[in-house]
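Peer 1: Sequence:
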Amino acid sequence: MMDDPTALFVDAGIQASKYFNVGMFAILIFDYLITLETESQWVWHRRWNFVRFVFTVSRYLPFFAVGMTFTGALRTQYYPGESCVRFGQASTVLHIICILAAEGLLITRIYASWNSKRLLAFLIVFPLMCSAVSYIISDTTLIFNSENTTSLDIPNPGDCLFVGGRNNVYEYSVLLLYELVLFGLMMYIRFSKYGNVIGLLQRTFFNDSAKYMICLMIVSSFNIILTMAPPVTWVSITDSPQIVIHSVLASRILFNLRASEGQSHIHTLTDISELQFGEGQFSMVVHGV
Numbered sequence: 001m002m003d004d005p006t007a008l009f010v011d012a013g014i015q016a017s018k019y020f021n022v023g024m025f026a027i028l029i030f031d032y033l034i035t036l037e038t039e040s041q042w043v044w045h046r047r048w049n050f051v052r053f054v055f056t057v058s059r060y061l062p063f064f065a066v067g068m069t070f071t072g073a074l075r076t077q078y079y080p081g082e083s084c085v086r087f088g089q090a091s092t093v094l095h096i097i098c099i100l101a102a103e104g105l106l107i108t109r110i111y112a113s114w115n116s117k118r119l120l121a122f123l124i125v126f127p128l129m130c131s132a133v134s135y136i137i138s139d140t141t142l143i144f145n146s147e148n149t150t151s152l153d154i155p156n157p158g159d160c161l162f163v164g165g166r167n168n169v170y171e172y173s174v175l176l177l178y179e180l181v182l183f184g185l186m187m188y189i190r191f192s193k194y195g196n197v198i199g200l201l202q203r204t205f206f207n208d209s210a211k212y213m214i215c216l217m218i219v220s221s222f223n224i225i226l227t228m229a230p231p232v233t234w235v236s237i238t239d240s241p242q243i244v245i246h247s248v249l250a251s252r253i254l255f256n257l258r259a260s261e262g263q264s265h266i267h268t269l270t271d272i273s274e275l276q277f278g279e280g281q282f283s284m285v286v287h288g289v
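Going by UniProt numbering, the final residue of the sequence shown carries number 289, and the count climbs one at a time with no gaps.
You may find that some hints are simply not true.
[To be verified] In silico SDA-like links for lysine to any residue, alpha-carbon gap of 20 angstroms or less:
(1) K193 - L177
(2) K193 - L119
(3) K117 - L185
(4) K117 - Y178
(5) K211 - N256
(6) K211 - I198
(7) K193 - F70
(8) K193 - D208
(9) K18 - R75
(10) K18 - F64
(11) K193 - V125
(12) K18 - M228
(13) K211 - L177
(14) K211 - Q89
(15) K117 - F183
(16) K211 - I107
(17) K18 - A90
(18) K193 - P127
(19) K211 - F50
(20) K211 - T71
(21) K211 - L257
(22) K193 - F183
(23) K117 - F50
(24) K117 - V133
(25) K18 - Q89
(26) K117 - A90
(27) K18 - V51
Just so you know, the hints here were simulated from the structure itself, not pulled from any lab data. Model, not experiment: these values are computed from the prediction.
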């Protein structure tokens, strides 16, 4: 079988997907280790609220989600009668929750910058509608059929082989559309409400959020291409990048916002008026915040 060029290409796709997902898990762990001190400084001492809960989910649940993908990638033995369907479904659910949590952090920040209930309703209803439509379409046969997109005849006992499906292209398309809408909305808020008058905290939020959305749009575009263009055995390369990048960027935005808030607080304390009396001398540092 290994002398067949098609079999070699199929096996290469499976191996590449495994290596890539293992590498993404390593990146997630590495990023956590280098940002752990920052998290302890800006998050751990804060009281529990909705934002911290969502942050905790987006920060720690990816270890379980990507860890399940990591486990599936490392599997080399399959037993008669074994089924991996439930395992795959659980992994998919965890992946979705991780993305929703990261996007939830972004939604709360955009809502805080505009403080509009209509905006909040739109930010919640719009992705739900898009997700519902993509889920309905994913069960149809609307995907373009070509030599690269046709399914290969690969033995897959119990759905345990590390291969993906092309219907994920709809989810990536919805995510790309959502990020485009959020990016346009954020730019509108930035220039219509704040104009040229913007502080350190607002500048950090808008700059980091723009980088976050641009990175996710690029990754989603690559995921769409990788899901549709190569043979189906290469599709699983797209399993972990979305989760890892969502988690890493969402955490860093929060850390940067906390740091900017801390700098603003220190600056405010420094600029608070001080009165010094001594030998008829009077000095004052003007409050300029």
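Peer 1: Taking the earlier hints as the rules, which of them does this structure contradict?
Peer 2: Those not satisfied are hints 1, 7, 11, 14, 18, 19, 20, 24, 26 and 27.
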